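The first sequence lines up with residues 0 to 873 when you count with numbering that gives the first Met the number 0.
The hints are simulated quantities; they were obtained by calculation from the structure and are not laboratory data. None of these values were measured; they are calculated from a predicted model. Backbone N, C-alpha and C define an ideal beta-carbon position, used for all residues, glycine too. Zero decoy hints are in this set.
Simulated crosslink set (SDA-like; lysine to any residue; CA at most 25 Å straight-line):
{"id": "1", "residue 1": "K651", "residue 2": "Y720"}
{"id": "2", "residue 1": "K90", "residue 2": "V354"}
{"id": "3", "residue 1": "K90", "residue 2": "W117"}
{"id": "4", "residue 1": "K162", "residue 2": "R425"}
{"id": "5", "residue 1": "K395", "residue 2": "F506"}
{"id": "6", "residue 1": "K395", "residue 2": "P493"}
{"id": "7", "residue 1": "K323", "residue 2": "Y347"}
{"id": "8", "residue 1": "K256", "residue 2": "F319"}
{"id": "9", "residue 1": "K163", "residue 2": "M367"}
{"id": "10", "residue 1": "K738", "residue 2": "F684"}
{"id": "11", "residue 1": "K639", "residue 2": "D502"}
{"id": "12", "residue 1": "K214", "residue 2": "P259"}
{"id": "13", "residue 1": "K72", "residue 2": "P30"}
Computed spacing ranges between beta-carbons, pair by pair:
{"id": "14", "residue 1": "G164", "residue 2": "V314", "range": "36 to 46 Å"}
{"id": "15", "residue 1": "R33", "residue 2": "D1", "range": "28 to 38 Å"}
{"id": "16", "residue 1": "T193", "residue 2": "R33", "range": "54 to 64 Å"}
{"id": "17", "residue 1": "T193", "residue 2": "Y265", "range": "21 to 31 Å"}
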Amino acid sequence: MDIQAKYYDPSQVEDKWYAWWLQNKFFHSEPDSRTPYTVVIPPPNVTGILHMGHVLNNTLNDVLVRKARMDGKNACWVPGTDHASIATESKVVAKLKAEGISKEDLTREEFLKHAWEWKEKHGGIILSQLRKLGASCDWDRTKFTMDPDLSEAVINTFVYFYKKGYIYKGVRMVNWDPEGLTAVSDEEVIHKDTPSKFYHMRYFISDGNGKATDKYIVVATTRPETIMADAAVCINPDDERYHWLKGKKVLIPLINKEIPIIEDSYVEMDFGTGCLKVTPAHDVNDYEIGLRHHLPVIDIIDDHGRLTADAQILVGEDRFVARKKIAKMLEEAGNLEKTVDYTSPIGYSERTNAVIEPKLSAQWFLKMDALAKDALESVESGKVKLIPDKYRNTYKHWMENVRDWCISRQLWWGQRIPAYYLPDGRYVVENSPEAALEAARKLDPSIKAEDLRQDEDVLDTWFSSWLWPISVFDTQKAGHPEKEGNADLKYYYPTNDLVTGPDILFFWVARMIMAGNEFMHDVPFRNVYLTGIVRDKLGRKMSKTLGNSPDPLELIQKYGADSVRLGMLLCSSAGNDILYDEAMIEQGRGFCGKIWNAYRLIGLWEAEDKAQSAENAVAVQWFTDRLSQAVSQIEDHFSKFRISDALMTAYKLFWDDFCGWYLELVKPAFGEKMDAVTLKATLAFFEELLKMIHPIMPFITEELWQDLSPRDGQTIMLQPYPKAAAFDEKRIAAFETAKVAIAGVRGLRQEKGLSPKQALKVKLTAFPENMVSVLVKLANVEPLAEISGAGATVMAGTAKIDILLEGLVDNAGEKSKIEAEITRLEGFLVGVRKKLSNEKFVSGAPQQVVATERKKEADAVAKIEALKSALERL
RNA sequence: GGGAGCAUAGCUCAGUUGGUUCAGAGCAUCUGCCUUACAAGCAGAGGGUCACUGGUUCGAAUCCAGUUGUUCCCACCA
Numbered sequence: 000m001d002i003q004a005k006y007y008d009p010s011q012v013e014d015k016w017y018a019w020w021l022q023n024k025f026f027h028s029e030p031d032s033r034t035p036y037t038v039v040i041p042p043p044n045v046t047g048i049l050h051m052g053h054v055l056n057n058t059l060n061d062v063l064v065r066k067a068r069m070d071g072k073n074a075c076w077v078p079g080t081d082h083a084s085i086a087t088e089s090k091v092v093a094k095l096k097a098e099g100i101s102k103e104d105l106t107r108e109e110f111l112k113h114a115w116e117w118k119e120k121h122g123g124i125i126l127s128q129l130r131k132l133g134a135s136c137d138w139d140r141t142k143f144t145m146d147p148d149l150s151e152a153v154i155n156t157f158v159y160f161y162k163k164g165y166i167y168k169g170v171r172m173v174n175w176d177p178e179g180l181t182a183v184s185d186e187e188v189i190h191k192d193t194p195s196k197f198y199h200m201r202y203f204i205s206d207g208n209g210k211a212t213d214k215y216i217v218v219a220t221t222r223p224e225t226i227m228a229d230a231a232v233c234i235n236p237d238d239e240r241y242h243w244l245k246g247k248k249v250l251i252p253l254i255n256k257e258i259p260i261i262e263d264s265y266v267e268m269d270f271g272t273g274c275l276k277v278t279p280a281h282d283v284n285d286y287e288i289g290l291r292h293h294l295p296v297i298d299i300i301d302d303h304g305r306l307t308a309d310a311q312i313l314v315g316e317d318r319f320v321a322r323k324k325i326a327k328m329l330e331e332a333g334n335l336e337k338t339v340d341y342t343s344p345i346g347y348s349e350r351t352n353a354v355i356e357p358k359l360s361a362q363w364f365l366k367m368d369a370l371a372k373d374a375l376e377s378v379e380s381g382k383v384k385l386i387p388d389k390y391r392n393t394y395k396h397w398m399e400n401v402r403d404w405c406i407s408r409q410l411w412w413g414q415r416i417p418a419y420y421l422p423d424g425r426y427v428v429e430n431s432p433e434a435a436l437e438a439a440r441k442l443d444p445s446i447k448a449e450d451l452r453q454d455e456d457v458l459d460t461w462f463s464s465w466l467w468p469i470s471v472f473d474t475q476k477a478g479h480p481e482k483e484g485n486a487d488l489k490y491y492y493p494t495n496d497l498v499t500g501p502d503i504l505f506f507w508v509a510r511m512i513m514a515g516n517e518f519m520h521d522v523p524f525r526n527v528y529l530t531g532i533v534r535d536k537l538g539r540k541m542s543k544t545l546g547n548s549p550d551p552l553e554l555i556q557k558y559g560a561d562s563v564r565l566g567m568l569l570c571s572s573a574g575n576d577i578l579y580d581e582a583m584i585e586q587g588r589g590f591c592g593k594i595w596n597a598y599r600l601i602g603l604w605e606a607e608d609k610a611q612s613a614e615n616a617v618a619v620q621w622f623t624d625r626l627s628q629a630v631s632q633i634e635d636h637f638s639k640f641r642i643s644d645a646l647m648t649a650y651k652l653f654w655d656d657f658c659g660w661y662l663e664l665v666k667p668a669f670g671e672k673m674d675a676v677t678l679k680a681t682l683a684f685f686e687e688l689l690k691m692i693h694p695i696m697p698f699i700t701e702e703l704w705q706d707l708s709p710r711d712g713q714t715i716m717l718q719p720y721p722k723a724a725a726f727d728e729k730r731i732a733a734f735e736t737a738k739v740a741i742a743g744v745r746g747l748r749q750e751k752g753l754s755p756k757q758a759l760k761v762k763l764t765a766f767p768e769n770m771v772s773v774l775v776k777l778a779n780v781e782p783l784a785e786i787s788g789a790g791a792t793v794m795a796g797t798a799k800i801d802i803l804l805e806g807l808v809d810n811a812g813e814k815s816k817i818e819a820e821i822t823r824l825e826g827f828l829v830g831v832r833k834k835l836s837n838e839k840f841v842s843g844a845p846q847q848v849v850a851t852e853r854k855k856e857a858d859a860v861a862k863i864e865a866l867k868s869a870l871e872r873l
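Please work from the sequences and hints to get the whole structure.
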């Protein structure tokens, strides 16, 4: 034990041990005869940087993995990154723009070259940041969703589902992101209530020849810039106010285009004016109405959200600029009746935060109904457990109402859709140009390779990440359910636990279950631990714009990774949002300091050849029991994914019981030495505690464990986790009582004004004989005359002790309390006896439970008697 | 609009078939202590009508109904 430093300095410790762990490949896993414990990382965006959400996720993941590793499992945590098509592409576009290069000026190949350069430059950052946090990933297995072989798996999957008839191409109203210039899925649209205006516009009735009459109707809209694309004005057929309109036509303001009045029960009579302008090209519902009434589709907004020539006016203006301008024009033309403030839910792109524009376009879709049905069954049957299980409801709801998945994206960064078009517009879907050519020749033998044109679009990122738990082990399996799978896949799949945020339950978790069912005929993981979302201490989401998102690397720099990990776990009970507070990390630092100092204290002790004192024997015995008790509690917490409870159990064991009581008890008096038996036991305790804490705080525990004795190249991370032995709860309980008694004595001494007469008498018969001397030592008092052995009494300061030990207070004022207690106990007896007279309970419940009930009954009877006799005495 | 969840100390949360681990923990607060590992410490203390109202029960933080507040999910009413 050579540690000299007075304070723990993580910067001297963390990088050193992480490098050593890496060098010795302690994180690496290969299939062997042990039970595997497998986890795949939720792959962070390849160009992302570490934020607090990652810290939380990966800390939890690492705790689970390290715990499993110490439990003797073959732990394998596969790291990697996600290509994140929209996010990455928009970053690359922005970077090129800053350099004066426009994406439009580049060919696909040129752009991809830039994108790959970007990836090579930034792709490793987030993974290196995870190493700072102590993540014990098997870095040799690092994967990227656009690795050539993983991409191949994606293409195979597309071809597989296409040939199965699940993938089809269709024209649909999609959510268009005018900034990202791509369609996004329904799930990637965030609806936010946004203040806007309701424009009440006059549409004049046509005289039948395209001229306005003096009659008009009022149509309300939030999007006046789309009136040029109106195809009709719609009323509810039951709306008597507007029956006179039937069969008439109205003129679109400003452009005076004649459009019909139609009737559809979709229109709500009491919303707005009861008149709805139908704009099939720019609204999902209007599109549906248009289909029913065979209305023309007039598209006046281009991919960038600007008005097109078809709008006739304001051509080239951005839609929001056009809105303002057109409102003014309407007003000048006398068509604007009024505007009212209105809050409406507007869809925003999750990636770019641009307002989503509903837009008609040709996209690829994957049929979801059959896949969703199986995926629902996997969770309903418990094959996949969601933790906490409140998410089962939302999961079920989503699975039962799922719509087909739009899997095409109008981007370049991603796996290109393997559809190859013939010149006549027909297409074939194959996993390579060669196979496509062959297939195309079956349609048209004259086709040459250069005649085929591959689809320009790429696949949704989730269409690759849903294969993640399969493709990180075997890239040939996805798309080929008939293949056997390689040794890795057979050994590691299904993975055990998945730790991720609830925000991607549907994006990712549900879809992985689908892919697992389809290709592996088994779910991809057994447990899904859904963390909360990290918020600041005021409950706001972490965001760049609010500036409330701390940089985890700075925190690690300032406090050390162990402290950051502990702090994160301290404020994270499962399923609840995490209200991050730097004070929690300070608490982590405090705990590091406590461990460090406890170690320093023990390091000062020297042994000499002498007999172990009775007090020390009691202390060692007690802490042995206490340690086992805590380990069994921790195991229970881990089995229920109550990580912060497990942590708190270890925290209190170390701080309160070990440092606060045990060390104080055995600490030799100044200038004295310790007996060898106690010192040996103390060192053993300390080592067990280090191992217990290691999964949570890997660095400081390794540092101290290495210093504790020569380790010969061993690491704490591969030591067996402490095991619970049988322990005596009675001894623990007696000690707890002793703690209270001591507190009482201390309190007595502190409050000097308290006279002995006022103090209550406490009998110590409940204690083993040598416990009395323990009490005296800990209370740091001279025995108050009467203390001399079992059965002796000590003056103590609180009534609480008395009640604990005697069950009674010798005090007339307590009479009514006692009576109330008797009444309560009698009621309790009724309940217990009712339970015990129930055949089903007695024969059905475990014997142990029944026995407990009987004991409760007997105890209650005895207690009632005691209380009654006490009452008589009063 | 539809669905789900939540409401316990100043804050964040435990509380596992209704009772005997029932009112708890950590942090924060207050009061004493520089006691020879740690003042980043130690010893104490205060603090809650378990959201509200009814109901079931011998007994309710716990079960039921309603009310209020709040969060999330789904749908978008232009």
